[in-house]
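Asks: Make one complex out of these two single chains by using the hints.
Protein sequence lines correspond, in order, to chains A and B. Position one of the first sequence corresponds to residue 1 (our numbering), numbered consecutively onward. Position one of the second sequence corresponds to residue 1 (our numbering), numbered consecutively onward.
Hints listed in this document are in silico derivations from the structure and should not be mistaken for laboratory results. Note that the Cβ used here is the ideal one computed from N, Cα and C, for glycine as well.
Pairwise CB distance ranges (calculated): (1) A:Ala-158 x B:Ala-227: 25 to 31 Å; (2) A:Glu-154 x B:Leu-442: 35 to 41 Å; (3) A:Leu-65 x B:Lys-447: 39 to 45 Å; (4) A:Pro-170 x B:Ile-437: 45 to 51 Å; (5) A:Gly-190 x B:Pro-148: 50 to 56 Å; (6) A:Leu-20 x B:Asp-24: 34 to 40 Å; (7) B:Thr-69 x A:Gly-190: 52 to 58 Å; (8) A:Gly-15 x B:Arg-256: 20 to 26 Å; (9) A:Gly-64 x B:Glu-318: 55 to 61 Å; (10) A:Pro-209 x B:Asp-288: 30 to 36 Å; (11) A:Gly-190 x B:Thr-68: 48 to 54 Å; (12) A:Gly-12 x B:Glu-271: 30 to 36 Å.
Below, a sample of chain B positions facing chain A; criterion: calculated Cβ distance under 8 Å: (13) Gly-82; (14) Glu-249; (15) Thr-260.
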Amino acid sequence: MNEALPPEPSSGVAGALGTLRHALADPLSAAGLKLELLERRLAAASPGEPALAERVRGAQSDLGLAGRLIDLLPRLAAIAGEEPSAISLDDLCRVAGVRLGENSEPRTRLFLRRVAASDALRTLSWCFGVPEPACPPPLVRVEIAAGRVSLRIEGPGAFGASPERLFHLPRGEEGAEELFLARAAVESDGGTLELAQKDGLVATCLSWPHQPAVADEGLTS
Amino acid sequence: MRVLVVEDEPGAREALVELVKDLDYEVTAAASVADAEAALSLFAPDVCITDLGLPDGDGLDVVRAAKTTGRDCAVLVLTGKGSVRSAVEAMKAGAHDYLLKPLRTAHLKTALAQLSEQHEAMRGALPESLPDPVSAGGLGGMVGRSAPMLEVFRLLTRVARSNAPVLITGESGTGKEVAAVTVHLLSRRAAQPFVALNCGAISPMLVESELFGHERGAFTGAERRRAGTFEMAHGGTLFLDEVSEMPPEVQVKFLRVLETRTFRRVGGTEELDMNVRLVTSSNRDLADAVRRDAFRSDLFYRLNVFPLRLPPLRDRKEDVPLLAAHFLSEIEEKERRGFSFFEPRALEAFSGYGWPGNVRELKNAVHRAYVLSDPPGIEAGAAEAVLTDSGAAELHAVPAGDGTWPAVPVRVGETLQSVEKKLLTATLLAVSGDKRIAAELLGVSLKTIYNKLKEYQLEP
Chain A
1 MNEALPPEPS
11 SGVAGALGTL
21 RHALADPLSA
31 AGLKLELLER
41 RLAAASPGEP
51 ALAERVRGAQ
61 SDLGLAGRLI
71 DLLPRLAAIA
81 GEEPSAISLD
91 DLCRVAGVRL
101 GENSEPRTRL
111 FLRRVAASDA
121 LRTLSWCFGV
131 PEPACPPPLV
141 RVEIAAGRVS
151 LRIEGPGAFG
161 ASPERLFHLP
171 RGEEGAEELF
181 LARAAVESDG
191 GTLELAQKDG
201 LVATCLSWPH
211 QPAVADEGLT
221 S
Chain B
1 MRVLVVEDEP
11 GAREALVELV
21 KDLDYEVTAA
31 ASVADAEAAL
41 SLFAPDVCIT
51 DLGLPDGDGL
61 DVVRAAKTTG
71 RDCAVLVLTG
81 KGSVRSAVEA
91 MKAGAHDYLL
101 KPLRTAHLKT
111 ALAQLSEQHE
121 AMRGALPESL
131 PDPVSAGGLG
141 GMVGRSAPML
151 EVFRLLTRVA
161 RSNAPVLITG
171 ESGTGKEVAA
181 VTVHLLSRRA
191 AQPFVALNCG
201 AISPMLVESE
211 LFGHERGAFT
221 GAERRRAGTF
231 EMAHGGTLFL
241 DEVSEMPPEV
251 QVKFLRVLET
261 RTFRRVGGTE
271 ELDMNVRLVT
281 SSNRDLADAV
291 RRDAFRSDLF
301 YRLNVFPLRL
311 PPLRDRKEDV
321 PLLAAHFLSE
331 IEEKERRGFS
341 FFEPRALEAF
351 SGYGWPGNVR
361 ELKNAVHRAY
371 VLSDPPGIEA
381 GAAEAVLTDS
391 GAAELHAVPA
401 GDGTWPAVPV
411 RVGETLQSVE
421 KKLLTATLLA
431 VSGDKRIAAE
441 LLGVSLKTIY
451 NKLKEYQLEP
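Extracted from the complex, chain B is given alone in its bound form (with noise of 0.2 Å):
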């Protein structure tokens, strides 16, 4: 593997090359974005470091300069200013990643063998191979080919190869996880393990050890030392889904963490290096819970580095019969009962709903629907039955902004698992998925949301 140094401080410089080369790379430096240039084009390096302040412009000068190449050269910029905005700034400009002067050595080692076992890996196999996401009718595991979702697709494939922090924002049941899995699938750690974190799903108390892990006798029923997420992950890529819901304690440590990238286990000494690449995502207005204090801002900065919203299903109707037949042919792989296709009046049907709970509840209705037909169609009528059912229809014929709530029609001997299930569809669809607002309403935690929503095969 080629790597260029860009340092102007001699000293720097020459240590930074001999240290490179005792590494067993190939090696050449330039002192200024002139000469980095000249030897961008000379030397046509996989790898780029640079420093920031350089005599005749910075370090993202560089950047740029490496972009416009056509070669894939990986970026790691050196800061010395340690603030949230020269790293940022760095992961926006197309920087692969940057590393905290003073330097640590090991963090060096680390970014490099790291971009040269991928660089080894991932030789020639990206982006160019991948297949046009019109005529794939999607990208990765995303399905789609509308207007709103090329864009997207065109954002997550720009982004995917570096290691910038991806904050993926839409409604409930847009498909952020598989946003994610994406994300992950066509960048370099694709190879390394993919590890998910719903930091709504599980207790606040818990979202620490969840995250770092913990020691042995760290807390009351800790019996053996356990990885968190962070060391799990290692090497690939943390998805920590309803990044919102993490408790402010949780949110100072996480934010050093990302600032020094190392962490330690809770109860333990040992100081890891961290080595992921972090996408999150919320359904919440994370902004918005910045300025409610609810969120902390240099957090927030630094995970909305690269931000990525999906649409909802309702702007993108055009996608529902792609949707709708990806997912037949799913549920047919798994349980083999002879379809093939949808009655046109079905799809009708789909395409004319609203979708308030998107993708995952056209997911769950193409399910139903399935149930309630016979081979070889999805019929109309089971797939308008499967829309009645699940009442929004009804709710969504009532507006809410009156501020009162939408009813649920209930029947004498009805059992009270079904009541349930109906009320917490309801209560889901009326607060657009909101899981928090959700809990609030119904007067139970958020944790016990999610163990109705698994009880009841609400979620994917």
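Just chain A, with the same shape it has in the complex (with noise of 0.2 Å):
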């Protein structure tokens, strides 16, 4: 009991989103549990009305879809309450539980939320299929150029539609949550996130500016 707990996030963007969700929850925890006495009501004044009971069952449901949704609101404020800080491209690797391919220039250095961007990385690597239990971490390939890190993964996959449609939030579509998520961590640090998909290939881009200056910087501060 020692370990001192992170900081709420109690001002600016993390606040307020922090704020936001309590406030949704209250009204929709409200709601769901009139809907679930309505629904036994229903069933026991009406046992013949299915087709009612069903509506019901269908708002609950968007009800959930609502609930699991505010779930973001907090970890978008972790990531907005979270501070940039140094990291080279072999701890961000190392951290996300990825492989750096060779000649990728492990010392370099990125002025990044640490916790947001290795998320970030781990969930464009993991999240399109289940890996087999005995074949190695996902390879990373680095291109540094025009003043900017790229990180790339490819591998077998397919989307249904277009994978730009992920990053908003489609109903039942599994991982673009974690893909949001993603997309807001590496924006934040003033990157790109980047999915496409050819030929059965999905290729994945994580890219951010490259300012060795202030990275060194944050590092020694």
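Replies: Listed below in structure tokens is the structure:
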């Protein structure tokens, strides 16, 4: 019990997102309880009206989805509340649980939200399928050009429609929520996240500005 | 079972009261901390469901008030913040559990049903009827009456009845799994399963499947659906040993399970409710692992709600005779050779030794001395031979702080198996039981270390 808890974001965007989640949770919770009671009363009073009960269950399902989506708010708050710091490519990949390709300049430093960026990298590496138990961690290839550091991961996979659509939280799409958060994390540090698919292959690219001086300063401060 | 609902928002309060009534519980409601305090003494609830945000205080005040009634009232805290802090603070304040808003009625029903079952099963059984650890010489499966252990027993008794996650730390061999079992046995979940998983003993790629199970065809070799430890421990306690060895990608998924209380089998789409009490352990410094980015800080805070540190045996040497007698009794129960005591000099030898391998090393030493002695007493010569033979005395006579490792004596003609066993034992002793470092030094995988420990029966 001696370890201090992480500070709760209380100001700025992070604090506002936390407050918003709290404020939304109360009415959603009350609505859920009332629908549960309504379903029970309907089942007891008019068991011969399945269509009405079905509508109530539909409303409960919609409410469940809303409840799930507001759980993204504290995770967005955590991204917004994290202070960027210097991290080497090597460390970023180690924390994300991915392999850095050869000739990738592992000591290259970036100035990022460490937890959010490594979570984003991990999401991009693992969210497209269940890895085989015996397979090695995904391989990341690095390009440094035009003032940007780009991390590319390619592998077999396919999305139903446009991968870009996944970032807009389409209902029922597996992994869309994690991708949404990954993009938010990358863009918070001035980066970009792209997804593309062709011929049964999925290609992902995370890219951040390369500012060696800032990154080194962040490391020593 | 009597349930007190504490909620200031009238609509939510009425709906919650009506639903709890529908579930066949006796229920009353309060709209503030002051009302709740009055209801706690007048209504004498068995369970209190309280919102965190109340007009004259917060839910933690209700938790504290419930703890002072002297009754065994389990408090479920409702929190809408969804942060690590609010959940952990509620548990640290003594809440039995927390439920995240928007409330999933299935979670509420499960929590109440379980508390009701436990309420009936355990009524009046704990903790008042627990034997005094001093006269009993221990608590549950744990043996000792030294001051450090009495403090451990006090903390363990306090936490056992809540649902708070417990993180047990201590050197290798101090009895972390025995402590986990004791938490389970003293908890409201005692009649339900206790399932243990050693995160360091299985391939990192299989940890996820072991934890969450998998569907048929989820990956090559997954020929049928398999339940993971979360499912196997449903309703009971899940003990994750060496949690620091959990791979980073599994740490993320594990954290989400703790946040949402649901999980999916690998390759599956069905959301399953998590209903386990979590006990974890690590012989590595988890806070240090967090600082080195090797362990997620948000997961650490969720697991570290109630830390329990087990003392090394060298810090409770007065327990050595008691432990030795306990192990002798256990061995005699199985082998029945007619042993009933230790010669005084045998106990002196044991008491004078440093026990770097802790209780596990003592248990193995008693067993070896048992084999070498003739009944009815464990002989002093056997005890001394066992301590010398282990090589531990030599190892600890050589300071390892100068960067060199101690030597292991090997005879020409000694079997390779014997040499391997000696080297493994000596390396583990030299690195204070840290299997990962031992694996690195010996150039083998962590899994191989576990296999060898099992092969040579070096683990209890």
